[in-house]
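Each protein sequence line maps, in turn, to chains S and B. Just so we're aligned: the first sequence equals residues 1 to 333 in our numbering. Just so we're aligned: the second sequence equals residues 1 to 333 in our numbering.
Check the hints yourself; a few may be wrong.
All copies of an identical chain are treated as equivalent in the list; a pair is satisfied when it fits inside any one copy or across any two copies.
Cross-link-like lysine-lysine pairs, in silico, DSS-like; alpha carbons within 30 Å at most [as the list claims (entries may be wrong)]:
no.	residue 1	residue 2
1	K323	K168
2	K323	K270
3	K270	K47
4	K176	K106
5	K323	K173
6	K47	K173
7	K168	K47
Rather than coming from a laboratory, the hints here were simulated on the basis of the structure.
2 protein chains.
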Amino acid sequence: MASSRYDVLGIGNAIVDVIARAEDDFLLRHGMHKGGMALIDEAGAQKIYGAMGQAVEISGGSAANTIVGAASFGARAAFVGKVKNDALGWVFQHDIRAAGIAYDTKPADDGPSTARCFVIVTPDGERTMNTYLGAAQDLHPEDVEAEQITAAAIIYLEGYLWDPPHAKEAFRKAAKIAHGAGRQVALTLSDAFCVDRYRAEFLDLIKNGTVDIVFANERELHSLYQTADFDTAVKALRADARLAVCTRSEKGCVIVTREHVEAVPAHPIKRLVDATGAGDLFAAGFLFGLARGVDHRSAAKLGALAAAEVIQHIGARPEVSLKSLAQQSGLPV
Amino acid sequence: MASSRYDVLGIGNAIVDVIARAEDDFLLRHGMHKGGMALIDEAGAQKIYGAMGQAVEISGGSAANTIVGAASFGARAAFVGKVKNDALGWVFQHDIRAAGIAYDTKPADDGPSTARCFVIVTPDGERTMNTYLGAAQDLHPEDVEAEQITAAAIIYLEGYLWDPPHAKEAFRKAAKIAHGAGRQVALTLSDAFCVDRYRAEFLDLIKNGTVDIVFANERELHSLYQTADFDTAVKALRADARLAVCTRSEKGCVIVTREHVEAVPAHPIKRLVDATGAGDLFAAGFLFGLARGVDHRSAAKLGALAAAEVIQHIGARPEVSLKSLAQQSGLPV
């Protein structure tokens, strides 16, 4: 296997988050499922934005957040995702490049505007998301370049790529190229409702070896195996996946392999401000650890550290250097 | 004097802040004066943005922040300022209206894009600003409507309005209409470098009674009277202004009238995160207090409370209800 130019390359929906606080009754009034991600059209976007309070705009996107987090640990990283050549597209491009990520996906010159995710943060710190996919709809297999894929030790793909019409083809193309070059492929299940939409396909990806590493939270795992029992879901996951990590919020995470199931505690926090990005940043630390060759438990601790940082402020990207934070905590970076 | 529909109406540059953290050497490398506001052109904006790290976009603008703060205390408020009909213009319009502010200034359909202020926050929490005025350049006297001005108990104007070519005419028109209707006119000196640019005119506004209430921080006051001695500056201010408040960061503020000079302490904070908006939010609380008829000292305490809230997070707009915060602190709202 050739040495890699990138530790990790992510493919995902390129999104700018529009984040506002609201009380729980806002979710009820707008028929939103707390903690979930719903897809909305342009009219839905206007309606929700019009009803939302003062907001903050911050670059987001699940896999993009993960890649930025990995880079903050010191990973060499790249990202593939589609924006439009508009003001929010420039914001997304600026931010991901400012984080030191190689990002060369050609922006769309026409068509729908750059994707926005309207994030409602309730007083308990939970986030509820409504995504207008916009230009992210236009990610095609041509946007995936073999040269870049083969240059990355791990390819990280988000389940949300099943929503745009052609992105899953880009996903499959990238996975095939990566495996052809002896690289690893990781998948996040993204969201329980997303798993509901694409359960059979996700299970197939895991069972047939298209993905080597699976990230899921409890709700996603329960949805994947259609069970309310955690142990039953983990048992099924062990049979299907080579390596998986299930995140469980304040209960930490469980590392699942054919041989072992190992729990790792969450990193302590002072106050949960905004849960946006918790799963994304856990994946960032875990992938960084894998790329650096540390054991699974140490990788999970890096993930827990990164998740703890991101949930203590607004927005899904780290505000401080995760490398410095890991060094202060005596973790391997 | 007729009863007022608004407690306060602000006129200012309508700006979206682009905020990023950086070390002090970033300021040195780009020749920035720490704590100040510099005007930049489109090329300068591109250069600075290209050099800045990952950023957050939040609606800003000095007088706009003040008006939003006053509304958060419960004030009935209005704002006048120019954006373009573009993505950042929509963000500005959404946020100010979401705060409950009457905002009817017609956006520009062509010409330069919505104003952006690139804010660099250094590890000490100080902010250094570079403003691309863009569409804010196109505020004209026609944007000031007599009916709206006469409906407000206090008109609040920012010194920054001297930078765009026609905004000072809008300022003078508004002040004249307000005084004709028996209303009060307040001015913030905005920035020490801004005072350097327009010292004679600002002094004239204060001495000739165009403004009734003056807000300044220490640096602005020193610049206004070209003295390094605070007491000398305050003495000069007493002779010129009917009512003034000089804010002094952690030292609190000084209320200055012909009869008295009274110091009011700062509100305690846990940690200075981002000083952006400290002066704007002080003015918000003070103006709200004046509009509600409380004494100057109580008004200054409301100002100190609002400033303390805004400097403990990123961005220049309050993240929580200032009315609730004041109630919790036993202050009059």
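Results for each hint:
| no. | hint | verdict |
| --- | --- | --- |
| 1 | K323 <-> K168 | neither (32 Å within a copy, 49 Å between copies) |
| 2 | K323 <-> K270 | both (20 Å within a copy, 26 Å between copies) |
| 3 | K270 <-> K47 | neither (35 Å within a copy, 38 Å between copies) |
| 4 | K176 <-> K106 | within (22 Å within a copy, 53 Å between copies) |
| 5 | K323 <-> K173 | neither (32 Å within a copy, 55 Å between copies) |
| 6 | K47 <-> K173 | neither (36 Å within a copy, 37 Å between copies) |
| 7 | K168 <-> K47 | within (29 Å within a copy, 37 Å between copies) |
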